[in-house]
Each structure stands twice: as structure tokens, then as C-alpha cells.
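Novice: Residue numbers (the working numbering), protein chains in the order written: chain Z, 1 to 512; chain Y, 1 to 142; chain G, 1 to 175; chain C, 1 to 112.
It should be emphasised that the hints constitute simulated quantities derived from the structure, not laboratory data. There could be a bad hint or two in this list.
[Claimed, not checked] In the PhoX-like style, the derived pairs of lysine-lysine whose C-alpha atoms are separated by at most 20 angstroms in a straight line are: (1) Z:Lys201 x Z:Lys508; (2) Y:Lys90 x Z:Lys60; (3) C:Lys98 x G:Lys174; (4) Y:Lys137 x Y:Lys60; (5) Z:Lys373 x Z:Lys60; (6) G:Lys172 x Y:Lys137; (7) Y:Lys90 x G:Lys132; (8) Y:Lys60 x G:Lys172.
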Amino acid sequence: MNPVIPILVIVPLACAFLSMALGRFVRDLPKYFTAVVMLFLLIASFYSLINIGTGLSLYKVGGWEPVNKIPIGIYMVLDGYSAIMLCIISTIGFLSAVYSISYINRYTGEKYYYALFCLMVAGMNGVVLSGDLFNIFVFLEISVISSYALVAFGVEKNELEASFKYQVLGGIASFLILFGIGFIYWKTKTLNIADIKEAFKTGYDKTFYVFVQLLILSGFGLKAAIMPFHAWLPDAHSSAPSPISAMLSGVFIKAVGIYVIIRLFFNMFVISEEVAILITSLGTLSMVIGVFLAIGQWDIKRLLAYHSISQMGYVILAVGTGMILISRGQNRDIAALAITGGLFHLINHAAFKGLLFLNAGAIEYRLGTRNLKEMGGLSARMPVTSATSFIASMSISGLPPFNGFFSKLIIVIACVKARFYLLAVLAVIVSIVTLASFLKLQRYAFYNKAPDKENHNIKEVASPMLFSMITLGILCFLLSLLAFPSLRESILQPAVDILMDTDTYGLKIIGM
Amino acid sequence: MTVIVKKTTQIVAGMIFLYGAYVVIHGHLTPGGGFAGGVIMAGAFILVTLAFGSDFLNLKKEEAGSTATENISILMVILLSVIGLFIGAKIFFLNFLPKGTVGELVSAGVLPLYNIFVGIEVTSSIFIIFLALVIYKEEEST
Amino acid sequence: MELAISIITGLMILGAIYAIHAKDLLSAVIACGIVGYGLVICFLLLKAPDLAIVQIVVDTITLIIMVAVVLNSSREEEYSGMDSQGTINAVLGLIITIVLFYFFYNAILNLDIFGKGALRMAKAYIEGAAEKTGSANLVTGVVFDFRGYDTLGEATVLVTAVLGVIAILRLKGKK
Amino acid sequence: MITYLLCFILFLVGLYGVITRRNLIKIAISLSIMEVSTFLFFALIGYIEGGRAPIVNPAEPNQVYVDPLPQALVLTAIVIGLATTSLLMAVIIRIYRKYKTFDIREIRNLRG
Numbered sequence: 001m002n003p004v005i006p007i008l009v010i011v012p013l014a015c016a017f018l019s020m021a022l023g024r025f026v027r028d029l030p031k032y033f034t035a036v037v038m039l040f041l042l043i044a045s046f047y048s049l050i051n052i053g054t055g056l057s058l059y060k061v062g063g064w065e066p067v068n069k070i071p072i073g074i075y076m077v078l079d080g081y082s083a084i085m086l087c088i089i090s091t092i093g094f095l096s097a098v099y100s101i102s103y104i105n106r107y108t109g110e111k112y113y114y115a116l117f118c119l120m121v122a123g124m125n126g127v128v129l130s131g132d133l134f135n136i137f138v139f140l141e142i143s144v145i146s147s148y149a150l151v152a153f154g155v156e157k158n159e160l161e162a163s164f165k166y167q168v169l170g171g172i173a174s175f176l177i178l179f180g181i182g183f184i185y186w187k188t189k190t191l192n193i194a195d196i197k198e199a200f201k202t203g204y205d206k207t208f209y210v211f212v213q214l215l216i217l218s219g220f221g222l223k224a225a226i227m228p229f230h231a232w233l234p235d236a237h238s239s240a241p242s243p244i245s246a247m248l249s250g251v252f253i254k255a256v257g258i259y260v261i262i263r264l265f266f267n268m269f270v271i272s273e274e275v276a277i278l279i280t281s282l283g284t285l286s287m288v289i290g291v292f293l294a295i296g297q298w299d300i301k302r303l304l305a306y307h308s309i310s311q312m313g314y315v316i317l318a319v320g321t322g323m324i325l326i327s328r329g330q331n332r333d334i335a336a337l338a339i340t341g342g343l344f345h346l347i348n349h350a351a352f353k354g355l356l357f358l359n360a361g362a363i364e365y366r367l368g369t370r371n372l373k374e375m376g377g378l379s380a381r382m383p384v385t386s387a388t389s390f391i392a393s394m395s396i397s398g399l400p401p402f403n404g405f406f407s408k409l410i411i412v413i414a415c416v417k418a419r420f421y422l423l424a425v426l427a428v429i430v431s432i433v434t435l436a437s438f439l440k441l442q443r444y445a446f447y448n449k450a451p452d453k454e455n456h457n458i459k460e461v462a463s464p465m466l467f468s469m470i471t472l473g474i475l476c477f478l479l480s481l482l483a484f485p486s487l488r489e490s491i492l493q494p495a496v497d498i499l500m501d502t503d504t505y506g507l508k509i510i511g512m
Numbered sequence: 001m002t003v004i005v006k007k008t009t010q011i012v013a014g015m016i017f018l019y020g021a022y023v024v025i026h027g028h029l030t031p032g033g034g035f036a037g038g039v040i041m042a043g044a045f046i047l048v049t050l051a052f053g054s055d056f057l058n059l060k061k062e063e064a065g066s067t068a069t070e071n072i073s074i075l076m077v078i079l080l081s082v083i084g085l086f087i088g089a090k091i092f093f094l095n096f097l098p099k100g101t102v103g104e105l106v107s108a109g110v111l112p113l114y115n116i117f118v119g120i121e122v123t124s125s126i127f128i129i130f131l132a133l134v135i136y137k138e139e140e141s142t
Numbered sequence: 001m002e003l004a005i006s007i008i009t010g011l012m013i014l015g016a017i018y019a020i021h022a023k024d025l026l027s028a029v030i031a032c033g034i035v036g037y038g039l040v041i042c043f044l045l046l047k048a049p050d051l052a053i054v055q056i057v058v059d060t061i062t063l064i065i066m067v068a069v070v071l072n073s074s075r076e077e078e079y080s081g082m083d084s085q086g087t088i089n090a091v092l093g094l095i096i097t098i099v100l101f102y103f104f105y106n107a108i109l110n111l112d113i114f115g116k117g118a119l120r121m122a123k124a125y126i127e128g129a130a131e132k133t134g135s136a137n138l139v140t141g142v143v144f145d146f147r148g149y150d151t152l153g154e155a156t157v158l159v160t161a162v163l164g165v166i167a168i169l170r171l172k173g174k175k
Numbered sequence: 001m002i003t004y005l006l007c008f009i010l011f012l013v014g015l016y017g018v019i020t021r022r023n024l025i026k027i028a029i030s031l032s033i034m035e036v037s038t039f040l041f042f043a044l045i046g047y048i049e050g051g052r053a054p055i056v057n058p059a060e061p062n063q064v065y066v067d068p069l070p071q072a073l074v075l076t077a078i079v080i081g082l083a084t085t086s087l088l089m090a091v092i093i094r095i096y097r098k099y100k101t102f103d104i105r106e107i108r109n110l111r112g
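The following block holds chain Z by itself, in its conformation from the complex (with noise of 0.2 angstroms):
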């Protein structure tokens, strides 16, 4: 068994745990020493990815075997889907830990801040590595509870508004959750996900199927901010301290909320076809309102909020579209194709939405305000923070030669490919609308006149700062790579063959 696998949880939850207990004494120690962590997480993860390749790993926690092919203890699950969502998870966790190194000194308590970081990074290993429902749901609370300290970190008006919101909601999306397992413990009498998917293939009843499915979609499409439930997102995204919106933005929703949604529905439901159509409508809902609301807001933390709604529609579109085709039995390469950009858009997506919040804290950070109508003139200021927005605006409105622009295409393609032209049409207006709205954010915040003449004293962030900035701008160049297919098959591939591997996942898992 690879040791590696619980290593990746327990040392966030050690660090956490040690800072709380050693920045009694050391009062700078919990910020590098967090920092560090998450570099050691992020080799941790890299060198899992490279060394999973197309296999999968398994770590029964207790070292209890399965009794009569049944298992009894908790799996913790390493595969190539789950290893990109690490390196994602790790990747974004460091770079802003080092941004907020110079960015949280504005605040008091710092140490708590560190250590409610460490932990939401560990959640999200934990429901990320996990093989067993209810383990995703203990751990995924750990996340989740985190965050709702975190967005109130600031304990004015706004942050306690948006975190009491948010706890309601993420309330309700908990207990949903918890239902739902009930439910399925109730009819399959097992909590791993490889035996609930062998549970379910021996046939079920209709209404109850439906009924499950229903209560899980709704519970995780609440943490991840899906179409009608998305009410909570734009205020917590943009009431939180900046790192941490990127971290909620790029990542959070994505490892708590879509990971969850794409692993559970793949390889643990059998997929059916409504359900396929009603997780890609969604979707679609998702990616065109979110972007309309998006062009009317001034506050700009709250714009990039709204297009991380618009944004993970498309992944939940490119998803949907591929559990289609494998539910009608069509063409399953297509639908490759389709998950294949849906995980590139993920990955695009944590990339260039951790930088454009990154690029809005540091603003944030030099001017005090949040209003679009009062900036201006910034790029001559910041010029860093001014080229690296661009090119994040660039990359999130699927212009070439950036990231987004590639697993855009590869979405519209699948979707042609697949003759939704419906869908095709939507993503490509979409994107044009996206476009036009981030022309606006760049106008105002950087190339109009400033308002007022008082701005003399803004000049560019501390280095930390700005070592995170031009790290995810050079990531939005690289990552475009990915499109070429050499890289694709080594990289992507494991992860779409993890996932369309609906018939065999159970029985591997199971017999190992």
C-alpha cells in the first residue's frame, strides 16, 4: 500500500494542529510553516500523478482486509482523476498561502487564519482521496466548516451576512447529503463506493434510484454553487479575503462540490439518461445566466463570482453532454472527447480564476475599494497586476493562445461532434459575452482615467504577492500544453478512462 495517499491528509492536519499549538511562542512561524506544507504538498502531489500513470491505488485504512468480498473498513482511492484534482488543489493552496503572507497582515488573529487554511486544504485531500461515502461527507464538513470561518474572517457587516448565508445553505446541502446516504445505506447495507456501484448494477427500483440521485445532486450541487442553488456564491466569494476567494473559486467548489457530483455519478451510479439530461440543462442554465448577471455587477470581486457560475456550467455542460452519449450508447468516443474538456476547463478554470482574484486582492489591497467606477489608470501603476489580469481575462474568455481558449474548443467541438448544436451555439455566445465583460473590468480598472488625482502613493504589491500573480499568469500560458496530444494522453487520459470506465471500476476496487 502507498504511503503516500494518508501522508497527503495528515500532514495538513498536523501542520494545522502545530502552528495553533507553536504560534503561542513563535509568532511568524505558522505563516512559512504553512508555506512550506503546501510545498511539500505539492511535490507530494506531483510525484503521485507521474507515478499513478493509467493505475490505480488503494489504502485500506486499518489494514482491514474484505470479509466474503465485502469491505469493512474505509478505502482511500488514488487514480488519475483524483491525483489532477490534487495537484490542483495543491497548486492553488500554495501559491496562495504565499500571497497571503503579505496580504493577511492586514488582519488580526493570523495564526487562526493559517491553521483554518491548513484545514480546508486537508478537507479537500480527504474527500478528494476518499473511497467511502460517508467518509467524503466527514470530511467535506471539515472543508466546509473552515470556509464558513474563513469567509467571516473579516467580521464586518458584509463577511458575517455572506457567512451566515452561506452556513444556511451549506446546512440544508449537509443534511441533503446526509439523507441521501441514509438512503443509500438503507437499500445497498454498504458505505464504499466500489460495493454500492456492484450493489446498484444487480438492478433496482426505479423511483428510488431517481429519489437518491436527486437528494445527492441537490446536496452537492449546493457546495457547488450549481444553477438554482447558487444564491450563496456570489456573496461568500466576495466577501472572503482574497486568497481565499481564490481558493473557494478555483478550487473549493470544484473538490467539494463538482469532483464529488462527477465522481459519485460515474462510478458509483449507473448512469441514466434522464438524469444525464437534467445534470446537462443544469449546466447550460448555469453557464448562460450566470454570465448575463455577471455583466451588470461593479464590484468586482462579485463579477468574478458570478463567472465562476457561468464557468463551471461549462464543465458541468462538457460532463453532462459525455454521460449522454455513454447513457444512450452511442459513440464513447465523443463522449471522451466531451469528459476530456470538461477536465481541462477545471483545470484552465482554477488557473486563470485563482489569478483573476489574486489580481482583485491586490487591488483591493492598494486602493481600499472594490468599485470598479472608482479605479482607473492602474496599469501604469501595477504593472505586473495589470499584465497578468490581462492575460487571465484573456485565458477565461477563450481567446487563443491562452489555457481557456483550448478546452473551450475542445467543449464545442464534442458538443458539434455529439449534434447538440444547441449547446455549441450557447458556449460560443457565451464565451463572446464573456469577453465583452471582461473588457469591461479591464477598461475600468486599468486603462481609464483614474477619478480622482489622490492615487499618487499606489504603486505595486510586496513580492510574495506578486510571485503568486506571475506563477499563474506563466500557468496560463503552460497549461494550454495540455491540448497537444502527447501530453493530453499521458496526463488527461488516465482520468476520462478512470471515469468511462463504468463497468469494471467496482469489481477492481473490490478485488485489489
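Given chain Z, work out where chains Y, G and C should sit, using these hints.
Specialist: Frame of chain Z; chains Y, G and C shown alone:
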């Protein structure tokens, strides 16, 4: 609070605390365990705080002490779970101590240790939550 | 057995409805506490003593915290009649609950009847747990040994909440 | 059957409360009612008729026990519920100090 309340609390809280400790230590034999015993012990502390009020107790100091206890005990739980990675079969969460006979006080390997550390952790956590609310109220009003 | 639990659950529902509709916040909080104590009795009837012990203390502590919050602030629920948004919410809430109830009713028709469930994953726990973990209390055995990883997560959740509470109750957020 | 239905009705009462109430404390109460119903649901699933509480007595083998796994899950979930409730109460206290009201209609800085 009146003298009667304080005197009664002294006796009752001690008994509640002992009962909680009993539940924690016998967690692997009788109903209860680290969580049940931990919340009972926290109840004893909360009772004392409610009865004696903040004039008598130095709340800030208590809170700092509880936080340290909590961190150390959760670190011990993690340590117990990680020890399995370094000895014997190299398995995370291995029950590495001898199991003993079912029904005896010293049995079940590491389970009593988990119970004790989780009990301490739960006690201090719930006590801190309570203290944080009380302290906040007082600081707000001054 | 089924009858007794149904009666207690019925009382809990009444308590819950009262808690939601009471004008006085203090009585609402206490009604909510009663719902929690009803759950304790259900746990005892359902042969779950561990849960009963934990729930009765946790419910009391939650009640103490909630009562403290209400007593330190206002007790009255300011409820200035129904406005349009309120009506929309009420209708929406009713529709959602009715639809969910209908789905639930149809979904559970073909599942195991109360008290007649079979064992699958838990069979190994009951048959071998005492030997495998050495613990006479099967729940402790499951919590700390078979699913010890969950328990680590659970303890972490509690610590996370503590950190969160301390962080939120700082007097000043920014320097 | 009827017990499950009543349990779900309890859940729905909580959900209805969360959707319709305008008072922060009432919303917290509704959430904790939903929480209670979920715990009850798990305990109901695990019950086996004629089963004993899951504490093994080595002197009496071959007994029927109720399913210990849902109980372990509820034990975990109760503590998680306590954690979420206390965090929610902390935020509610802060909000009350800032706005001097529990009414959600007056706590609306964030819109649009």
C-alpha cells in the same frame, strides 16, 4: 449566585466530572466512549463557570489553557494513528497494541487510549466554545 | 415498538411546528430542546444507548448556548405581517415539501420494512468485532477501529469549529 | 413504514422553517430540527426487531444485535452537528451586535 448554589455546584460538578471520566475509561466495555464522556466532563466545567461567574475565574487564562490542552490531545490522536505507519505492517490507523480478553478494562489495544485523548479533546473544545461566547459578551459590554 | 416510536416522533413534530411558529424566541428555543430530548427517548427505544448519552448532553449544551444568545439579545420575534416576499416563500416552501414528500413516499415503498433489515457490511462487525478489535462495545469498536479515520475527521471538525468560533468572535477584524 | 414517513415529515418541517422564517434564531432552530430528523432516520435504519444494544457479552454468544454501523455514523454526525450549530450561533451573535436585530429583512447589505 448564592452560597447554596455555589456549594451544591462544587459537589455536583465533581461527581459529574467523575462520571464523565468513568464513561471515557470504560468506553470499550459499556455504552459511551470518548465523545459521550467528553461532553459530560465539559458539562461539569460549564456548570462551574455558570455558578461562579467570571469574577471568580480568570476566563482568558482558562481559555488559553484549554486551547493548549485541545491542541495537544488532538496531536496525540494523530500521533496514535500515525504510529502504525512506522511499526510492523506499516498501516495507517493500525491497532498495534495486544487486544487482550474481551470485557476486561485493559483490553482492545489502542481503543482506550483513543477514548481518553478524544475525551480530553472534546471536553476542552466544548468548554472553549462556551468560554468564547461568555468572554465575547463581557468584552462587548465594556 | 413501531407504535411507541411513532407517537414520540409525532410529539417531536408538534414540538417542531411550535418551535417554528412561536412568537417568543425563548419558548421556541426550549421547544427545539424538547425535540432533541424526544430524540433521546427514540434512541433508547431503538437500542442505541451510546447515542442517547451523547445526544442528551449535546442537546443540553446546545440549549444552554442558544438560551444564552437569546437572553443576551431580544426575545421577541418582530413579525410585521405577511408581505409579498413572505407569501412567495411560504408557497414555495409548501410546494417543495409536498413534492419531496410525494417522492419520498414512492421511493420507500420497496425498501426494507422497519425492523426487518438485513445485514451486509455490519455482519462482519457483529460476528468478528469482539475478536478483531477486542472491544465489547461494538459501537466503540466501529468508531475507533474499523472507521477510526472517520473519527479523526470528526475530532478535527470539532477543533475546526472551535478555531472558527474564536476567529469569528475576535473584537477587531482588521488592524 | 409510518415511522419513516413521520421522520421525513420532521425533516420537511425543518426545511419549511428554513425557507419561510425571517428570524436568524428561528432559522438556526429549523436547521437543528432537520439535523434531529436525519439522526432519527439513521437510527431507524439500523434497528433490527428483537435485537439487543450492540454490546457484546462474551458469556452469551449468538445473540441478535442491532446494526452498530448507523449508530457509529450518527455518533459522528451528532458531533459535527454540534460544531456547525456553535459556529452558526457565533455568527448570529456577531450579526446581532452589528445590526441590533434578528430580522433577516434588515440584514441585506449584499444584493444583486
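Novice: For the pair supplied as a hint, Y:Lys60 and G:Lys172, confirm whether the alpha-carbon distance does not exceed 20 angstroms.
Specialist: At roughly 17 angstroms apart (the allowed maximum being 20 angstroms), G:Lys172 and Y:Lys60 satisfy the hint.
Novice: Within a Cα-Cα threshold of 20 angstroms, do C:Lys98 and G:Lys174 meet the stated pairing?
Specialist: This hinted pair holds, its Cα atoms lying about 16 angstroms apart.
Novice: G:Lys172 and Y:Lys137 were given as a pair; does the straight-line alpha-carbon distance stay at or below 20 angstroms?
Specialist: This hinted pair holds, its Cα atoms lying about 14 angstroms apart.
Novice: Has the given pair, Z:Lys373 with Z:Lys60, been kept, meaning a C-alpha gap of at most 20 angstroms?
Specialist: violated (55 angstroms)
Novice: Is it true that the CA of Z:Lys201 sits at most 20 angstroms from the CA of Z:Lys508?
Specialist: holds (14 angstroms)
Novice: With the threshold set at 20 angstroms, check whether the alpha-carbon distance from Y:Lys137 to Y:Lys60 stays at or below it.
Specialist: Holds, at about 13 angstroms.
Novice: Given the hint that Y:Lys90 pairs with G:Lys132, test it: the Cα-Cα distance must not exceed 20 angstroms.
Specialist: This hinted pair holds, its Cα atoms lying about 18 angstroms apart.
Novice: Just to be careful, I want the Cα atoms of Y:Lys90 and Z:Lys60 compared with a cutoff of 20 angstroms; is the pair within it?
Specialist: holds (11 angstroms)
Checked against the numbered hints above, the structure breaks only hint 5 and satisfies the rest.
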